[in-house]
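From just these sequences and the hints, can you work out the full model?
There are 2 protein chains.
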Amino acid sequence: MNKQLLLAKRPVGVPAEDTWDLIETEIPTVGEGQCLLKNIYVSLDPAMRGWMRDRPSYLPPVSVGDVMRAGTVSQVVESTIGHMPKGSYWQGMGGVQQFVLTNGKSWYPVDPQIAPLPQFLNVLGIAGYTAYFGLLSIGQPKEGDTVLVSGAAGSVGSLVGQIARIKGCRVVGIAGTDEKCNYLTEDLGWDAAINYKTDNVLKSIGKWCPDKVDVYFDNVGGPILDAALAHLNFKGRVVLCGGISQYNATDSFYAPKNYLSLLVNRGRMEGFIVFDFARKYLEAARDMVGWMQEGKIKGEYSVYEGIENFRETFLRLFSGDKRGKVILKIDE
Amino acid sequence: MNKQLLLAKRPVGVPAEDTWDLIETEIPTVGEGQCLLKNIYVSLDPAMRGWMRDRPSYLPPVSVGDVMRAGTVSQVVESTIGHMPKGSYWQGMGGVQQFVLTNGKSWYPVDPQIAPLPQFLNVLGIAGYTAYFGLLSIGQPKEGDTVLVSGAAGSVGSLVGQIARIKGCRVVGIAGTDEKCNYLTEDLGWDAAINYKTDNVLKSIGKWCPDKVDVYFDNVGGPILDAALAHLNFKGRVVLCGGISQYNATDSFYAPKNYLSLLVNRGRMEGFIVFDFARKYLEAARDMVGWMQEGKIKGEYSVYEGIENFRETFLRLFSGDKRGKVILKIDE
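Just so you know, the sequences run in chain order A and B.
So that you can map any letter, position 14 of the first sequence is 14 in my numbering, and since no number is skipped, the others follow by simple counting.
So that you can map any letter, position 257 of the second sequence is 257 in my numbering, and since no number is skipped, the others follow by simple counting.
If you are wondering where the hints come from, they were derived from the structure by calculation, not from laboratory data.
Errors might be hidden in some of the hints.
[Claimed, not checked] Straight-line distance between alpha carbons at most 25 Å, and here's what the computed DSS-like set of lysine-lysine pairs gives: (1) B:197 x A:235; (2) B:235 x A:257; (3) A:280 x B:235; (4) A:235 x B:235; (5) B:197 x A:257; (6) B:235 x A:142; (7) B:203 x B:235; (8) B:142 x A:235.
[As the list claims (entries may be wrong)] Residues of chain A clear of chain B, computed beta-carbon distances all greater than 10 Å: (9) 77; (10) 84; (11) 88; (12) 117; (13) 198; (14) 203; (15) 321.
Yeah, the Cβ is synthetic: ideal placement off N, Cα and C, and Gly gets one too.
What follows is the structure in structure tokens.
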């Protein structure tokens, strides 16, 4: 049987227990030009909260009654597709379910010799590509620039800062605990880290970014975005990657009051979606593998187990109670 | 004697009567390498409200006790600068005063054969250059794009739409009276105009921009910016030129709640300051003169008289009680 997590109702605010239903269905039969994959690792991402909203976005909303959309690392169980033989590993949008039937479109090969499988949902997956293209293609940092990152101890944020350091930038991170801040400065060697729960973020950015902020990579939105805008440098770039602080907001969405800083500083705020760069994933993967082998990139992740623990694991993204990329293991 | 309008105190909200002082001082004496100009036409611009605030911006604030900063068209009265002979006309930042002494830096020649003098504060001045570089360099419209403009009956807005039409775009304007809307559609031939005081702006943009908004040129900020963001097209551009709806806000600045539309649509919101393009003003002037002669650009302006009427004329910018560019004539 195939355990599947279905979206049962659209949540308001923090998703409650009855948001999803765990059901069992028949494992689908493999037809001509198809392939059955077993999902082993499921990627848990803040963006999934957005996919649950009933409004147009860069992907259609997950329909009520459909399998919850998610990135996975999966293994072929049965196949009639020549280049996807039984036993091979792939990354794609397998969804929160044990098995998925596909025609192979939008699945990318995974070589378990290169790195542990979960890393293909982190450094060598969507998180890594998001950091890579968001920072380099949208943020366009130059050597000597100051790069400020929020959600800095998260999967994308920590990679953004590490890539920025490789490019010769001063890097300052914003995170939610002293332990995370220590990780950024001690383990990753960043120039400074700000604990947004205990520090005055506006003043701290001024202190740690004395030459102002050339690139602000925003994963959180809210008052932190406003504080970053207040310190934007001439021709500064704000990379809009996410706004997790507001994803569960119900009545009082916090909008950026300081957006006119973009005007006076001739700044640019630009959004992007990593899927647009799919044709260049290989380029990113090559760089990332190289940097990992040189020890310049550390990709931290936490693996939780059991499809039945999806909700409590997902909510760790919003409470911040986790380290690095959050991954759910649902099979061996 | 030299009548000068000084900033007397920093206003809160709508500038009150005691914001400025009109005084008389001695006309300055011309030294070596200097030139005395008589200011004839003074440009009244929303940006002047920003210059009165005591905080860092793209120009230093006007100090309390200083002459109010403003663009002018001026005539040389006495000169020891070879290329600025007596009787010649110039445009520059002469300030709200009858006479100004200068070393000639940042003054640009005015040829009264080409157009009436006030036009050098409008189509052939900062307003025109703002429209030209803001739309073409920042907005980068392509033929067939939909360009939405707020403050559309104002000096900059009306020129933005006219240039967009020359470039083959569909043009929709937002203005504050039916008379202004008729002017845009009837006199200027735009595709549609929205009266933000009587129409539902969000729905009207959807109606008149069926292929969504490729370029939104924003002069006003506030809820209109939010409505435009809601209809932004894939890879849409928001050109931040101003935010006049919020310039006199005291306690409740309206921030753009829909800024994450930039993320889902891979959009870009970018500010600019026309002064950065000073080295290319001549290029803009050449195009604008050509388009005026071909009848493709109409530059409407309203001339009011008397330096003593500065405040009531300035406030017309915010009440909308004017047509096109607002100019104050303070001398013959």
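Could you work out which of the previously given hints the structure breaks and list their numbers from low to high?
Number 1 only.
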